[in-house]
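Peer 1: What follows is the residue order along each chain.
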Amino acid sequence: MGLKGRDLTSIRDFSRDEIDEVLTAARRLIPYAEGKKSSDLLEGKVLVLAFFEPSTRTRLSFETAMQRLGGRCVTIADASATSMRKGETLSDTIRMLSHYGEAIVLRHSNEGAARLAAMVSDRPVINAGDGAGQHPTQTLLDLATIQEAFGTLRGIHVTLLGDLRYGRTVHSLARALAMYGTELTLMSPPGLGLPAEVREGIEETGARLKEEDQIHRAVRDADVLYVTRIQKERFADETEYQQVAGSYRIDASSLVGAKPKMIVMHPLPRTGEIAPEVDATPHAAYFRQAFLAVPVRMALLSLILAGRLP
Amino acid sequence: MGLKGRDLTSIRDFSRDEIDEVLTAARRLIPYAEGKKSSDLLEGKVLVLAFFEPSTRTRLSFETAMQRLGGRCVTIADASATSMRKGETLSDTIRMLSHYGEAIVLRHSNEGAARLAAMVSDRPVINAGDGAGQHPTQTLLDLATIQEAFGTLRGIHVTLLGDLRYGRTVHSLARALAMYGTELTLMSPPGLGLPAEVREGIEETGARLKEEDQIHRAVRDADVLYVTRIQKERFADETEYQQVAGSYRIDASSLVGAKPKMIVMHPLPRTGEIAPEVDATPHAAYFRQAFLAVPVRMALLSLILAGRLP
Amino acid sequence: MGLKGRDLTSIRDFSRDEIDEVLTAARRLIPYAEGKKSSDLLEGKVLVLAFFEPSTRTRLSFETAMQRLGGRCVTIADASATSMRKGETLSDTIRMLSHYGEAIVLRHSNEGAARLAAMVSDRPVINAGDGAGQHPTQTLLDLATIQEAFGTLRGIHVTLLGDLRYGRTVHSLARALAMYGTELTLMSPPGLGLPAEVREGIEETGARLKEEDQIHRAVRDADVLYVTRIQKERFADETEYQQVAGSYRIDASSLVGAKPKMIVMHPLPRTGEIAPEVDATPHAAYFRQAFLAVPVRMALLSLILAGRLP
Numbered sequence: 001m002g003l004k005g006r007d008l009t010s011i012r013d014f015s016r017d018e019i020d021e022v023l024t025a026a027r028r029l030i031p032y033a034e035g036k037k038s039s040d041l042l043e044g045k046v047l048v049l050a051f052f053e054p055s056t057r058t059r060l061s062f063e064t065a066m067q068r069l070g071g072r073c074v075t076i077a078d079a080s081a082t083s084m085r086k087g088e089t090l091s092d093t094i095r096m097l098s099h100y101g102e103a104i105v106l107r108h109s110n111e112g113a114a115r116l117a118a119m120v121s122d123r124p125v126i127n128a129g130d131g132a133g134q135h136p137t138q139t140l141l142d143l144a145t146i147q148e149a150f151g152t153l154r155g156i157h158v159t160l161l162g163d164l165r166y167g168r169t170v171h172s173l174a175r176a177l178a179m180y181g182t183e184l185t186l187m188s189p190p191g192l193g194l195p196a197e198v199r200e201g202i203e204e205t206g207a208r209l210k211e212e213d214q215i216h217r218a219v220r221d222a223d224v225l226y227v228t229r230i231q232k233e234r235f236a237d238e239t240e241y242q243q244v245a246g247s248y249r250i251d252a253s254s255l256v257g258a259k260p261k262m263i264v265m266h267p268l269p270r271t272g273e274i275a276p277e278v279d280a281t282p283h284a285a286y287f288r289q290a291f292l293a294v295p296v297r298m299a300l301l302s303l304i305l306a307g308r309l310p
Numbered sequence: 001m002g003l004k005g006r007d008l009t010s011i012r013d014f015s016r017d018e019i020d021e022v023l024t025a026a027r028r029l030i031p032y033a034e035g036k037k038s039s040d041l042l043e044g045k046v047l048v049l050a051f052f053e054p055s056t057r058t059r060l061s062f063e064t065a066m067q068r069l070g071g072r073c074v075t076i077a078d079a080s081a082t083s084m085r086k087g088e089t090l091s092d093t094i095r096m097l098s099h100y101g102e103a104i105v106l107r108h109s110n111e112g113a114a115r116l117a118a119m120v121s122d123r124p125v126i127n128a129g130d131g132a133g134q135h136p137t138q139t140l141l142d143l144a145t146i147q148e149a150f151g152t153l154r155g156i157h158v159t160l161l162g163d164l165r166y167g168r169t170v171h172s173l174a175r176a177l178a179m180y181g182t183e184l185t186l187m188s189p190p191g192l193g194l195p196a197e198v199r200e201g202i203e204e205t206g207a208r209l210k211e212e213d214q215i216h217r218a219v220r221d222a223d224v225l226y227v228t229r230i231q232k233e234r235f236a237d238e239t240e241y242q243q244v245a246g247s248y249r250i251d252a253s254s255l256v257g258a259k260p261k262m263i264v265m266h267p268l269p270r271t272g273e274i275a276p277e278v279d280a281t282p283h284a285a286y287f288r289q290a291f292l293a294v295p296v297r298m299a300l301l302s303l304i305l306a307g308r309l310p
Numbered sequence: 001m002g003l004k005g006r007d008l009t010s011i012r013d014f015s016r017d018e019i020d021e022v023l024t025a026a027r028r029l030i031p032y033a034e035g036k037k038s039s040d041l042l043e044g045k046v047l048v049l050a051f052f053e054p055s056t057r058t059r060l061s062f063e064t065a066m067q068r069l070g071g072r073c074v075t076i077a078d079a080s081a082t083s084m085r086k087g088e089t090l091s092d093t094i095r096m097l098s099h100y101g102e103a104i105v106l107r108h109s110n111e112g113a114a115r116l117a118a119m120v121s122d123r124p125v126i127n128a129g130d131g132a133g134q135h136p137t138q139t140l141l142d143l144a145t146i147q148e149a150f151g152t153l154r155g156i157h158v159t160l161l162g163d164l165r166y167g168r169t170v171h172s173l174a175r176a177l178a179m180y181g182t183e184l185t186l187m188s189p190p191g192l193g194l195p196a197e198v199r200e201g202i203e204e205t206g207a208r209l210k211e212e213d214q215i216h217r218a219v220r221d222a223d224v225l226y227v228t229r230i231q232k233e234r235f236a237d238e239t240e241y242q243q244v245a246g247s248y249r250i251d252a253s254s255l256v257g258a259k260p261k262m263i264v265m266h267p268l269p270r271t272g273e274i275a276p277e278v279d280a281t282p283h284a285a286y287f288r289q290a291f292l293a294v295p296v297r298m299a300l301l302s303l304i305l306a307g308r309l310p
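Residue numbers (the working numbering), protein chains in the order written: chain A, 1 to 310; chain B, 1 to 310; chain C, 1 to 310.
It should be emphasised that the hints constitute simulated quantities derived from the structure, not laboratory data.
Be a bit skeptical, because a hint or two may be false.
Given that identical chains are not distinguished, each listed pair holds provided it fits within a single copy or across any two copies.
[Stated by the list, open to error] Pairs of lysine to aspartate or glutamate residues, derived as DMTMM-like cross-links and limited to a Cα-Cα distance of at most 25 Å, are as follows:
| # | residue 1 | residue 2 |
| --- | --- | --- |
| 1 | Lys-4 | Asp-122 |
| 2 | Lys-210 | Glu-43 |
| 3 | Lys-261 | Glu-212 |
| 4 | Lys-36 | Asp-7 |
| 5 | Lys-232 | Glu-88 |
| 6 | Lys-36 | Asp-122 |
| 7 | Lys-37 | Asp-122 |
| 8 | Lys-37 | Asp-7 |
| 9 | Lys-261 | Glu-43 |
| 10 | Lys-36 | Glu-238 |
| 11 | Lys-261 | Asp-7 |
| 12 | Lys-261 | Glu-183 |
| 13 | Lys-259 | Glu-211 |
| 14 | Lys-232 | Glu-34 |
| 15 | Lys-259 | Asp-221 |
Using the sequences plus the hints, can you model the full thing?
Peer 2: Encoded structure:
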C-alpha cells in the first residue's frame, strides 16, 4: 500500500481506505492551503502540468497546491498555443514530459488519455480530466466538501440534480459515494438521466438509488443537493432549453423546506443554475467546495510525491 | 493607516502620504529589483495574476517583483486561452481566485472591474488596468521616475504631449501630480484634449494648468516631457493621422533648447512617437521608467502583503 | 575566458574548449536533472523566457533547468497571446525584458533575432532558435548525447539522414561535429541536400564528408544515425512526398546490419520517420537525447549566470 509513486487516472484506482487517507490529509492541510502555515515538503521537486485543453481553475489550484508545498511547476496552459502536438503521438509527448518533472498532471480532451499516459510514463500521472472519462481529483474534493459539512460520508442523502447523462463529474461522484453506502436521489430532465452502465455499477454496490421529479421533494429529503450545468447544446431548440433550464434553477424559494444543515454544491462555473441570492444562505457550499480543491490537491501531491504530509 | 491588506483600485485609494511611502520604499528596493540583493520576505505567499486581457510588460514586471521577494505566482496570462469566463460572472471568478493566493492582480477590459473585484474578494485586489478606467501602478512608477530624476515631485513642470483624451495613463498621472502642486502643460491634437472632468478635477486642487500648441515652446519649458501614443483608429483617414502623428513626433531636433536635466518619458511600447536617436541623449528616461516598474511593484507587494519591507 | 555573462547566439560563439566545458558540466548535473540531487545555486535569480513563437519542449526544459537550480522564471509562452509586439521594435522589447531578469532566453521566427537581442541587452541572451538561423542549445544536447554514448566525440561516424537542406538542427550539428574531426555521411532526398555554404564550411575544417544513397549502407557504417523530419510542404504533391518519406523511414528492419553500439537520434517530435518498434531496440537514443536537454541547459545556466556549478 501507500500512495507514493502511484497514478491517479480514475477514482477506482484508489481503495476506500486510500480515499479516506487523502481526505484526512486534506483536512490537516487546510491551514497550509490558506497560507497560514507553510511547508517546503516538495522543495526541489517539479510538477509538469500538461493541459491540452484549458481548465483554468483546475490548473491554478494544482499550481497553488504545488507551490504552497515548496515545489515548482512547468506548465502547458493550452495546447492550441503549442506546436507540440503537431502530429506527435500522446505517448511520445508524455515520455518527453516525464523527463521534466517528478509527476505529470494531465488534462486532455480524449477519454482514456490519462490511462495511456500512465502506461508510458515512468513518473506518476494524475488525471485532471480526460474528455468524457474521469476527473478523479474533482471527485475527491466533492467528497471532502461533504465530509467537512457532515463529519462523515456514511448515511448521507445526496441528490444529484441536472444533466446526469453527460456530466462526468456526477458519474465519478455517484460511484464513489456508493462505496460509502450513501443514499442517492436522481433528478434530471427527460433524456438526460444517468447512463445505464453507471446506474448498474452503483446498484451492484447495494447503494439505495431512487428517482425524483419534483424539485421541492428533492430538496426536502436531501442532505446534499449537487447541482450541475444543463448545457444548451443538448437541446433541439432554444425554447425547449430555456424551459428545462428554468425548471431546474435553484433560487431562495427552492430552498424553502430544506433541512437546516443541507448544503448546495456545484462544480462551478455556474451559469444560471443557482441564483446569486443563494450565496448568502447557510446552504451555499460551492465556494467552500472550490477552496477545498487546494488542500485536496496538496494532500494528493504530498502523498504521491513525498509519501508523507508536511 | 498602514497599507497591509489594502486594495489598490485607483490612485485615489491612497493618500499622498501613502503614495510617498510607496515611492520611498521603491527607492530602497532598487538593489533587490536589480538582483544585487535578495529577499525571502514573501516566502510562502502566492500572488494570483488574472490578466483577462494580455499585457505582457505589466504581467512580467509583477511576476518578477513577486519572485524577487521570494513569493510565488499563479497566472492567467490571457483569458481567450481559458474556458473560465464562459458565462461565469466576474464576481464568481474573483471569489474562486481569492482562494488560490494572498492577493489578486487584475487586468480587465471593463472599467470598474477592479472595484467590483475588491468588493467581492476577501484578499487585496491590485488593479493592473481596467479598460478606460485606472492603472494606478503605472501612475506610481511614473511618479517614481520623476522623483528619482529631480529628487522631488514638488515644483516640477510636466508637459503632457499627445493623445490626452483616451490615454488613461495621463489622466491618472495628471490627477496624482496635481496633489503635489506640479505645473502642468498640455499639448494635444484637435479633438484629443484632456476630458473636461479630468481637467476640472485638477483645477480644483489649485494646480497650475495651461495649454500649448508649439512643440518647441512645450519642450523648452518642461522638466518632464511625457509623450503618449496617438492611435490611428482615432482618425477619419490615414492621411490625417500621418500628418498629426508626424507633428507630434519627438526626435533629436525637437529637443534643441530643452533644459539640460529635462527627461522624456513614455509608458511604452512606443511606435513612432519618439525617434530611436533620442535613446542616446541624456534626456531619454523611458527605459529607466520601464525598469522602475519592478521596484515600485515590489514596494506595493511588500507593503500590502507583509506590511513591511525586506 | 569563462562563460559567466556570455551570450550564446550561435554554436560558433563558443570555442571547442568552452563546448567541452559545457558537456563536462552537463554530465555532472545529470543527478540534479533527475531530481536526485537539488541545488540553490541560482536562488534569487530570474530567467526571462521570451518565446515569440511557441516551442513547448525547449521552453519546458529551460524552465525545469532553471527551477532545479533554485532560480525563477518569467515567461512569454507565445507572442500571439500578447499585445507586446504591436508595432514595437525587437530592440525596445529586449531592452524592456532585460530589466526583468538576469538573462533572456529568446525564441523568434526571424533569423538574426538573437544576435540583435544580444547587442541591445545588458544581460546575457541565449538563443533558443531563431527561424532558419541557429539553435545552439539543441546542438549542445545533440553533442552531449553522442558523447554519453561513446565517451568521446572524436572519430565518431555520424550519418545525417533526411531533409538536410531546411533543417537548421543538422546544419549547426554538422558544423560543430566538424570541429571534432567527426566523419560525416549525408543521405537526403533529391533537392533536400546540405546547402553548399554549410558543406564548404565543413570541408574547410578538413572533416571527412561523403554522400550515400543506400539506407542499408548508411546504417551499416554509422555510429550515429541522426534522423530528421521530411516536411510535406517541401514537395509538389502528396504522392511524391509519401514516396520519399516512405523510403527514408527507419524501422526495425532498417537496423539489420547496424553496429551493436549504433544509436539512432532525432530532435523530436517525430511524425513517421522512426517506427515505434525502434523504441524497444538498444539503438533508440532519442528519448535520452530529449532528457539530456535538461542537464545541458542546467550547465549553460549555471556557467552563464553563476560562473560555476552547484
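Peer 1: With reference to the structure, classify each hint as holding or not holding.
Peer 2: Against the structure, the hints:
1. Taking the shortest alpha-carbon separations for Lys-4 and Asp-122, only the intra-copy value of 13 Å comes in at or below 25 Å, while the best inter-copy value is 35 Å.
2. Taking the shortest alpha-carbon separations for Lys-210 and Glu-43, neither the intra-copy value of 48 Å nor the inter-copy value of 51 Å comes in at or below 25 Å.
3. In the homo-oligomer, the alpha carbons of Lys-261 and Glu-212 lie at most 25 Å apart inside one protomer (21 Å), although the nearest pairing across protomers, at 69 Å, exceeds that limit.
4. Taking the closest pair of Cα atoms, Lys-36 and Asp-7 come within 25 Å of each other only across two copies (20 Å); inside a single copy the shortest separation is 29 Å, beyond that limit.
5. Taking the closest pair of Cα atoms, Lys-232 and Glu-88 come within 25 Å of each other only across two copies (15 Å); inside a single copy the shortest separation is 34 Å, beyond that limit.
6. Taking the shortest Cα distances, Lys-36 and Asp-122 sit within 25 Å of each other only across copies (15 Å), while inside one copy they are farther apart (35 Å).
7. When the C-alpha separation of Lys-37 and Asp-122 is checked against a cutoff of 25 Å, the pair qualifies only between copies, where the shortest distance is 18 Å, while the shortest distance within a copy is 32 Å.
8. Taking the shortest Cα distances, Lys-37 and Asp-7 sit within 25 Å of each other only across copies (23 Å), while inside one copy they are farther apart (28 Å).
9. Within a single copy, Lys-261 and Glu-43 get their C-alpha atoms no closer than 40 Å, and across copies no closer than 38 Å, so neither meets the 25 Å cut-off.
10. For a Cα distance limit of 25 Å, the shortest separation of Lys-36 from Glu-238 qualifies neither inside one copy, at 48 Å, nor across copies, at 57 Å.
11. In this assembly of identical chains, Lys-261 and Asp-7 lie within 25 Å of each other by CA distance neither inside one copy nor across copies; the values are 35 Å within and 35 Å between.
12. Within a single copy, Lys-261 and Glu-183 get their C-alpha atoms as close as 16 Å, which meets the 25 Å cut-off; across copies the closest is 63 Å, which misses it.
13. Only within a single protomer do Lys-259 and Glu-211 lie at most 25 Å apart by alpha-carbon distance; the minimum there is 19 Å, versus 69 Å between protomers.
14. Proximity of Lys-232 and Glu-34 under a CA criterion of 25 Å is satisfied in neither setting, with 36 Å inside one chain copy and 47 Å between copies.
15. Only within a single protomer do Lys-259 and Asp-221 lie at most 25 Å apart by alpha-carbon distance; the minimum there is 8 Å, versus 74 Å between protomers.
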